[in-house]
Amino acid sequence: MATQTTAKKKPVKQTEAKAAKKDTQKEMVTVFIMGKAHEVPADATIMGAIEYAGYQIKRGAGCREGFCGACATVYRMPGDYKIYTGLACTTIVEDGMWLSQLPAIPSQKPVYDINKLDPNVATFQRLYPEVFRCVSCNTCTKACPQDLEVMDYINAAMRGDIEAVMDLSFDCLSCGLCAIRCPAEIVQYNVGLLARRLYGKYLAKESKQLKKRIQEVKEHKFDKEFNELMKMKKEELKKKYYERDTE
Amino acid sequence: MYPEYMRPSLEKVTQSRNKRFELEKSGKPVFPPMSAEERENVLRKFHPDYKPDARRKIRIGPNKGEELTTEVANMLESHARIKPGIFDLTKPDYETDILIIGGGGAGCAAAIIAMQKGAKSIISTKLRLGDANSMMSQGGMQAAVTEQDSPTLHYLDAIGGGHFDNKPELVHALTEDGPEVVKWLEDLGVVWDKLEDGSLQVLHGGGTSRKRMHSCRDYTGAIIMRTLMDEVRNHPDKITILEFMPVVELIMDQKAQCAGGVLYNLETEEYFTVKARATIIATGGYGRLHIRGFDTTNHYGATGDGLVIAYRAGAKLLFMDSVQYHPTGSVFPEQIAGFLITEKIRGAGGQPLNKHGELFVFPREPRDVESSAFIRECLDRKNGIATPSGRLGVWLDSPLIEMLQGEGYINKQFPAMHRQFIRYGIDITKEPMLVYPSLHYQNGGIEINEKCETNVPGLYVAGEASGGVHGRNRLMGNSVLDYNVFGRRAGKYATEYVKSAKLGVLSLDHITDYEAELKKAKIQTGLITPVLLPSYTPEDVRKRQLTAHYEGTLR
Numbered sequence: 001m002a003t004q005t006t007a008k009k010k011p012v013k014q015t016e017a018k019a020a021k022k023d024t025q026k027e028m029v030t031v032f033i034m035g036k037a038h039e040v041p042a043d044a045t046i047m048g049a050i051e052y053a054g055y056q057i058k059r060g061a062g063c064r065e066g067f068c069g070a071c072a073t074v075y076r077m078p079g080d081y082k083i084y085t086g087l088a089c090t091t092i093v094e095d096g097m098w099l100s101q102l103p104a105i106p107s108q109k110p111v112y113d114i115n116k117l118d119p120n121v122a123t124f125q126r127l128y129p130e131v132f133r134c135v136s137c138n139t140c141t142k143a144c145p146q147d148l149e150v151m152d153y154i155n156a157a158m159r160g161d162i163e164a165v166m167d168l169s170f171d172c173l174s175c176g177l178c179a180i181r182c183p184a185e186i187v188q189y190n191v192g193l194l195a196r197r198l199y200g201k202y203l204a205k206e207s208k209q210l211k212k213r214i215q216e217v218k219e220h221k222f223d224k225e226f227n228e229l230m231k232m233k234k235e236e237l238k239k240k241y242y243e244r245d246t247e
Numbered sequence: 001m002y003p004e005y006m007r008p009s010l011e012k013v014t015q016s017r018n019k020r021f022e023l024e025k026s027g028k029p030v031f032p033p034m035s036a037e038e039r040e041n042v043l044r045k046f047h048p049d050y051k052p053d054a055r056r057k058i059r060i061g062p063n064k065g066e067e068l069t070t071e072v073a074n075m076l077e078s079h080a081r082i083k084p085g086i087f088d089l090t091k092p093d094y095e096t097d098i099l100i101i102g103g104g105g106a107g108c109a110a111a112i113i114a115m116q117k118g119a120k121s122i123i124s125t126k127l128r129l130g131d132a133n134s135m136m137s138q139g140g141m142q143a144a145v146t147e148q149d150s151p152t153l154h155y156l157d158a159i160g161g162g163h164f165d166n167k168p169e170l171v172h173a174l175t176e177d178g179p180e181v182v183k184w185l186e187d188l189g190v191v192w193d194k195l196e197d198g199s200l201q202v203l204h205g206g207g208t209s210r211k212r213m214h215s216c217r218d219y220t221g222a223i224i225m226r227t228l229m230d231e232v233r234n235h236p237d238k239i240t241i242l243e244f245m246p247v248v249e250l251i252m253d254q255k256a257q258c259a260g261g262v263l264y265n266l267e268t269e270e271y272f273t274v275k276a277r278a279t280i281i282a283t284g285g286y287g288r289l290h291i292r293g294f295d296t297t298n299h300y301g302a303t304g305d306g307l308v309i310a311y312r313a314g315a316k317l318l319f320m321d322s323v324q325y326h327p328t329g330s331v332f333p334e335q336i337a338g339f340l341i342t343e344k345i346r347g348a349g350g351q352p353l354n355k356h357g358e359l360f361v362f363p364r365e366p367r368d369v370e371s372s373a374f375i376r377e378c379l380d381r382k383n384g385i386a387t388p389s390g391r392l393g394v395w396l397d398s399p400l401i402e403m404l405q406g407e408g409y410i411n412k413q414f415p416a417m418h419r420q421f422i423r424y425g426i427d428i429t430k431e432p433m434l435v436y437p438s439l440h441y442q443n444g445g446i447e448i449n450e451k452c453e454t455n456v457p458g459l460y461v462a463g464e465a466s467g468g469v470h471g472r473n474r475l476m477g478n479s480v481l482d483y484n485v486f487g488r489r490a491g492k493y494a495t496e497y498v499k500s501a502k503l504g505v506l507s508l509d510h511i512t513d514y515e516a517e518l519k520k521a522k523i524q525t526g527l528i529t530p531v532l533l534p535s536y537t538p539e540d541v542r543k544r545q546l547t548a549h550y551e552g553t554l555r
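As you go down the protein sequences, you meet chains A and B in turn. Oh and the first sequence: position 25 is 25 in our numbering, straight run, nothing missing. Oh and the second sequence: position 118 is 118 in our numbering, straight run, nothing missing.
Next comes chain A alone, as it looks inside the complex (with noise of 0.2 Å):
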């Protein structure tokens, strides 16, 4: 599985070369967005290179920084049959890629109340019953832009091990690259989503000192202490912050 994971996408010393060539003078590329030509800066992502070409992005961009998974890209690279698969934000651009954005994915979402859900195996036979059509391909583990260990923890889901999945599938950034590659029609990151709630709510030991805190703020314990800050003129309050002492 190991060389299955390396092989999944373009080995990234290309784009670190690309990269490095800033340091000289502005390249360019040429790149097919949705099938047209343009001419846009080597060292881009993804996402800069549609904006340089001109488009003014509505859906395909969110935190733009990796964390909300708005901006799913799948690409393929001039002799090469492969289907590859990125976020625009992170994804450098090469020469001759032809790419288009995913501007949503449909996803199975079930409604539930999560107060009323058992932490076991039985909650994913239940919710996600296609969770146990994987057949165990890896391609959306292939297709993860986070290099995320996605069948892995869909097998663990299978088992009912909701510890690794939360574990596994901390990362996950909800992009669907999985979902819309996966031939057993499965929403890993949902199936991903509900194993961390799960873990959250019913599975991680208590806090006993967060416990004894909120009942302290229930009885008023603070009370008084907040009223006399809440009162205090700026200089007083100004001398007991510069004098308080540090953990």
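To be clear, the hints were calculated from the coordinates, so they are not data collected in a lab. All clues given are correct.
Derived lysine-lysine pairs resembling BS3-like cross-links, with alpha carbons at most 25 Å apart: (1) B:Lys492 to B:Lys502; (2) B:Lys45 to A:Lys239; (3) A:Lys58 to B:Lys83; (4) A:Lys212 to A:Lys201; (5) B:Lys255 to B:Lys502; (6) A:Lys218 to B:Lys492; (7) B:Lys211 to A:Lys238; (8) B:Lys57 to B:Lys522; (9) B:Lys316 to A:Lys234; (10) B:Lys238 to A:Lys109; (11) B:Lys211 to A:Lys239; (12) B:Lys64 to B:Lys519; (13) A:Lys201 to B:Lys238; (14) B:Lys183 to B:Lys211; (15) B:Lys194 to A:Lys218; (16) B:Lys238 to B:Lys183; (17) A:Lys201 to B:Lys117.
These numbers come from a predicted model, not from an experiment.
Keeping the supplied structure of chain A fixed, place chain B upon it in accordance with the hints.
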């Protein structure tokens, strides 16, 4: 990969690391924290807010005559997108209890609480649900949970960080609700970083006197935001989500109460009206206005839309003369310029260093002070490192974290940061990052009280769009807490309000009045707001977009 010419400076960072490691281990501050006078001095000389043209007087509206950030004043002195006369307000397209403008953390939290308390709501959002700065917060959320901490110490830290200008009742609400919010989020399914025994992992942030930063690795906002969104989507009968449908003006009634808003469908370019007995503005901040030309850490839609629609409706703004620059925005490589590098890096022991590999400031001063010290080091003391494209920056030594916290810590606690840099051949477990302040947060906003009420009846505000909580400088981890505390409060108090609120005849007269005010003040401007989306189209392309002024209202 860093260019060759940076090698000698990187060598110096490596050389000084052992010594700095010993210093950190000693438990004493690695650099003397600044006194009140020193803080004042560095801010006055180097903070971008103090540049001569950073602020100007606004000539119209509720804050008329007040000095505001220049770009904000420009945005407020603008024309509306719509002509009020063409709307038939007697037949609204949608009716609901509460109109929530903005689908980020504050908006979703408000919708969930309103739903639980029996109110129906519409969330109108410009992009997708969750396309918000909330999604991007990395480092954590403050809440005073540990034995050695208390909500009142949190209060003192927050109000000192804000230069004692914060509204006391808001800081009280923020810090007192903190522990409850941690629990509320966990009950919704947020996976907090915890120790073996279940106690919450806590770290320092800039300006904190106790370790109280709670995190979800460095995807804190992403984990919280996706949990809130999922919960919102589990109640389609109570919460209607309208994506790519921003509110472009508020609707008032003849009793000067807020009564809903006008929606604009970004894709079909249709307008719709919403009648609502209460309205919550949760539109976030304004980083995409690129104030003073700064790069920003903010998401694509952060254009301050809520400010201008509220201002036209008569809502008062507070502290809109103050901008937050996050000390550690990335400056190299060029493709990630301005990106956020979480303050959690410094919370875990990362140190800022100049080109000689030397410490020059206490690593965890409040953000405005830390940023000003970085700018001083680069511009005044000439100790910055220049990038190939001419940007300046200082090192942020991350490999030290692995020495302090143990090998593997960065991969476990900072997966997003590691990923961000390894794409460009920089391994932050082995090499430092190059950073410079980046436009990060709208410190001020629409003035609220502890119930999230504004001076306009029926209009509530929560999250970054609001003003008063953070004074003139927010501390790390207080914005995640802010949108939860005040999102929840807005949902609660708006629901209580709608139980007895009665609307009169709907009206858009305030738009007409605002136009008249512009004219009377002899303000000539071509600017139409809300801005909605920034444009990154190159100048030569724009010149060829000959019909852009009528083809597509975004341009």
